[in-house]
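Okay, here's what each chain looks like letter by letter:
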Amino acid sequence: MQRLPAALKLGVALAMIVGTVLAPPAWTGWFTGVAAVLALAILLSRIPLLFLGKRLLLLSPFVLGAALVNALQPSGRAQWMVLAARSALCLLTVVLVSNTTPFCDILRVLRRVQVPALLITTIALMHRYIFVLAEEAERMRRARNSRTFHRGRRLRWQTLATVVGQLFVRSSERAERIYDAMCARGWK
Amino acid sequence: MHIPDGFIDGKTALATAALSAVGVGVALRQVKRELPPRKIPLLGLAAAFLFAAQMVNFPVAGGTSGHLVGGALVAALLGPSAAVVVVTTVLIVQCFLFADGGVMALGANIFNMAIVNSVGGYAIYRSVSRVLPGVRGRITALAFAGWCATVLASISCAGQLASSGTVPWSAAFPAMAGTHMLIGVGEGLISALVFLAIQRTRPEMIAGNGEPGQPRRRGELVRYGLLVSLGVAIFVAPFACPWPDGLERVAARLGFEHKTAQPLLHALAPDYQVPGIHWAVGATAIAGAAGSLVVFALALLLGWLLVPKRANGITGGLKDA
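Same order as they appear, the protein sequences are chains A and B. The opening position of the first sequence corresponds to residue 31 in the working numbering, with each subsequent residue numbered one higher. The opening position of the second sequence corresponds to residue 1473 in the working numbering, with each subsequent residue numbered one higher.
Next up, chain B with everything else stripped away, as it sits in the complex (with noise of 0.2 angstroms):
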């Protein structure tokens, strides 16, 4: 999901950039107010352990293999304000070391990957594990956030990709988020693995295991919440309604529609011929509202399957152990 550069446009970077500005900001703040000096040095060696875990390939169905991308892990091991400053530190140095990324597309990289991603998919991860009580339900809830958090951020670039003009929205809505849906299961199964074999293992090295209750992540979550959602009104809010919106009716209304500034970067394809298409974009809506039901239904089997009931009340320190 690393944007090269060349795909993001002039505005749509300084967009990015800003948003992405501001979150790592409030991460930052966020981290030096919770974490302890002794614990500095861990962002740096998670990140490294980030790099690490994400060349380890997993064997998927067909001789091919993927890999863990892992911002919903790494939230639900530390919270997730270090989780952005860990995903954000992977990404820089990705840019420029090996030039994984672009440096103009940076801003939006980090917007999906660091921040959609790992707050999303812990957003998602709290409130599961809330309902689900348990190591089973901890398991349940990063399956499935890892899932979401995968899809959301290939949703959110797709809408970067359309704002910029580079592929319309009706194509790459659905290509990016079919492909991510796939991937998703992949990711979401490794996750809750690492998962489990950490908590089974060092159980204290998880975050708010060893405290008495989770800390709170209300103010916290609600400031991501607002970053994240100006940025789904920005780039993918314009894409998801049918009908013309709102900017442009006003435009065409008051008869400066034909003045507006030509594109930096022309549209790749302004007119998309191809039948069927806009068909695709729903049934891609349609399919990831059913595929969410179903995944979620795996995700309990996994936590099921793998956490044997007895084992299920020991969450290292917290209740009964």
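So that you can see chain A by itself, here it is in the shape it has in the complex (with noise of 0.2 angstroms):
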């Protein structure tokens, strides 16, 4: 499942997705293929089922906003059911996908389809410094916890705020720094 080609994944999932979607309820078979298809991928795949599981349980607000408008009304169980099996199986499908395929292959497809290439330079980026920053918002906000003491509700949401702020102005720094190391290699 790990070596199979990003596109062919990427494809096969998109085309599954799009299926599930637009597929009437009626049409049974077609979920009950795409559960068969899913279930393959994850015993060829061997994802910890109980990541899936953790994953699903965080489904969204929204199949419970949706739960509570047809709790208040008579034939509402049946079609909500068929609103979260969709999106479960939509979801498994994405999960799947993205645990099986190194994030820059999905680049590369993306690229192959003519995304705009700042989009993808853009995303790129993103990709790589999304843990940086994540662990640097965590240092900074450890600092904070061991040196400040207050209280006060009205001071947390201001030192919080000052927190983001200089988590800002560090990537803006950071940004700066980067472009110079690109072009240090070479980058056009």
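Because the hints were derived from the structure by calculation, they are not lab data. Any given hint might turn out to be false.
As the list claims (entries may be wrong) - With a straight-line cut-off of 20 angstroms between C-alpha atoms, the simulated SDA-like cross-links for lysine to any residue are:
hint, chain 1, residue 1, chain 2, residue 2
1, B, Lys1511, A, Pro146
2, B, Lys1511, A, Val199
3, B, Lys1504, A, Ala154
4, B, Lys1511, B, Ala1762
5, B, Lys1504, A, Ala53
6, B, Lys1511, A, Gly216
7, B, Lys1511, A, Asp210
8, B, Lys1504, A, Trp217
9, B, Lys1483, A, Pro146
10, B, Lys1483, A, Glu203
11, B, Lys1511, A, Ala53
12, B, Lys1504, A, Cys213
13, B, Lys1504, A, Val145
What the hints assert, rightly or not - Pulled a few chain B residues facing chain A out of the computed Cβ check, cut under 10 angstroms:
hint, residue
14, Phe1479
15, Ala1490
16, Lys1504
17, Phe1523
18, Val1528
19, Val1558
20, Arg1602
21, Ala1647
22, Met1648
23, Gln1671
24, Met1677
25, Leu1772
Said to hold, decoys possible - Between beta-carbon pairs, the in silico distance windows are:
hint, chain 1, residue 1, chain 2, residue 2, range
26, B, His1539, A, Gln144, 31 to 41 angstroms
27, B, Arg1672, A, Ala108, 55 to 65 angstroms
28, B, Ala1709, A, Pro146, 24 to 34 angstroms
Note that the Cβ used here is the ideal one computed from N, Cα and C, for glycine as well.
Both chains come to you apart, so use the hints to assemble them.
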């Protein structure tokens, strides 16, 4: 599963998602088919089931909201089930693909389907620096926690906002350094 | 507000994807034209920043916590087109890497959060800060813009859900707009506080601060405005009027009403039966109008409280710093 070409996986996943969204609820064959393909893919990819289960539980506030709306009316339950099944199948597909495909391969496919280069550069940079900045934010949070002791809510909001502002300042500075480094390595 | 797959039907997905593609295309062209090559990595880093900033939780009353969405904030910091690119990037990565928001719904999510939220927020921010000068005015403007942008995006989202037939408008609109009128207060406050923190430490990093005058944005904003109004016309307008819309009436008169295609996704609630629910739509609209006045007054108060008078004129080399 991990060794399949990314374009194939993305293509099949996209087809499955489009089909699942568009298929009328009466086509139970389609839904079971998709579920079977997904089950096979889960087996082949050897992703722990617990991980997938946890991800599914966090489905979305939307599904809950729709459940709430449908609880108010007589025939809502069956339709909510269709909605939840659709969302769950699509979500599983995306989780499977994203966990078995390196992100740079996904980017390569996007480049091949003529997504603008500027957007791809931005996505690639973002993906590279998400984890760096998340770590930086965590460090700043720890530093603040070890230095401030006040309990007031107002001050807490203000310190948090300062941390976020500082994070922006640091990422802008990092962007400047990255540009220099890119130029030094021959980026046009 | 990330719509998952299954909540948006085929026609709505197609329409939102087309609108978003045009919007992002306009934004990319604009960014290429106005941004110096030095600033190109900043887009990626700003996207990573937005992602990291969204993970910082702010305490809200009653032990719950909220987090920043940030379209209006990024637009105020970097300009509207850069903000569209940045938020779009965040949404694409969230969709493909973290399965947050659906693949078929990506167009709708980009339309709501990258275009309506950022550009709408920016337009409000610009027009308010033009009326109210100084740092105080900007803080007020951003706090108000953050609230408006959140509510606008939620209304657009409700319209898409309703036109997909997933949730009826009479339930989606009060639920979405109502909750986001509360969430938006936090969003506006955080945006303003973060903006102020940057303004205090590194004012030169805010777009438009170092230059002699603010860059002209009229043409750019008009283009986005057209897109957004097209979206509103498609998704929100059919529901906002209490009487049957024009198309239905024409269909009824021509007698092919019964021939209209069966919807691909059956409406979850074709005829809403709970009494008083239509009243809720009107009440939400009235609450929104009143709320915007209250929030504007609060934003004025916020700017007045946070920015001391002597610091008001200092806008980082713009005038007299």
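These are the hints, each one checked on the structure:
1. B:Lys1511 / A:Pro146: The hint holds at about 17 angstroms.
2. B:Lys1511 / A:Val199: holds (14 angstroms)
3. B:Lys1504 / A:Ala154: Roughly 17 angstroms separates the two Cα atoms, so the pair holds.
4. B:Lys1511 / B:Ala1762: violated (41 angstroms)
5. B:Lys1504 / A:Ala53: violated (40 angstroms)
6. B:Lys1511 / A:Gly216: Holds - the C-alpha atoms of Gly216 of chain A and Lys1511 of chain B are around 17 angstroms apart, at most 20 angstroms.
7. B:Lys1511 / A:Asp210: Cα-Cα ~11 angstroms, so holds.
8. B:Lys1504 / A:Trp217: holds (16 angstroms)
9. B:Lys1483 / A:Pro146: violated (25 angstroms)
10. B:Lys1483 / A:Glu203: Measuring from Cα to Cα gives roughly 43 angstroms; hence the hint is violated.
11. B:Lys1511 / A:Ala53: violated (45 angstroms)
12. B:Lys1504 / A:Cys213: holds (18 angstroms)
13. B:Lys1504 / A:Val145: holds (15 angstroms)
14. Phe1479: holds (6 angstroms)
15. Ala1490: violated (16 angstroms)
16. Lys1504: holds (6 angstroms)
17. Phe1523: holds (5 angstroms)
18. Val1528: With a closest approach of 6 angstroms, the Val1528 of chain B hint holds.
19. Val1558: holds (7 angstroms)
20. Arg1602: Hint violated; Arg1602 of chain B Cβ to chain A Cβ min 24 angstroms, cut 10 angstroms.
21. Ala1647: holds (7 angstroms)
22. Met1648: Cβ of Met1648 of chain B sits 9 angstroms from chain A, so the hint holds.
23. Gln1671: Holds. Min distance 8 angstroms.
24. Met1677: At 5 angstroms from the nearest chain A Cβ, Met1677 of chain B passes the 10 angstroms test, so the hint holds.
25. Leu1772: Result: violated, 18 angstroms to nearest chain A Cβ.
26. B:His1539 / A:Gln144: 31 to 41 angstroms: About 34 angstroms separates the Cβ atoms of His1539 of chain B and Gln144 of chain A, which means 31 to 41 angstroms holds.
27. B:Arg1672 / A:Ala108: 55 to 65 angstroms: Roughly 56 angstroms apart at Cβ, these two residues keep to the hinted range, so it holds.
28. B:Ala1709 / A:Pro146: 24 to 34 angstroms: holds (31 angstroms)
Consistency with the previously given hints fails for numbers 4, 5, 9, 10, 11, 15, 20, 25, ordered from lowest to highest.
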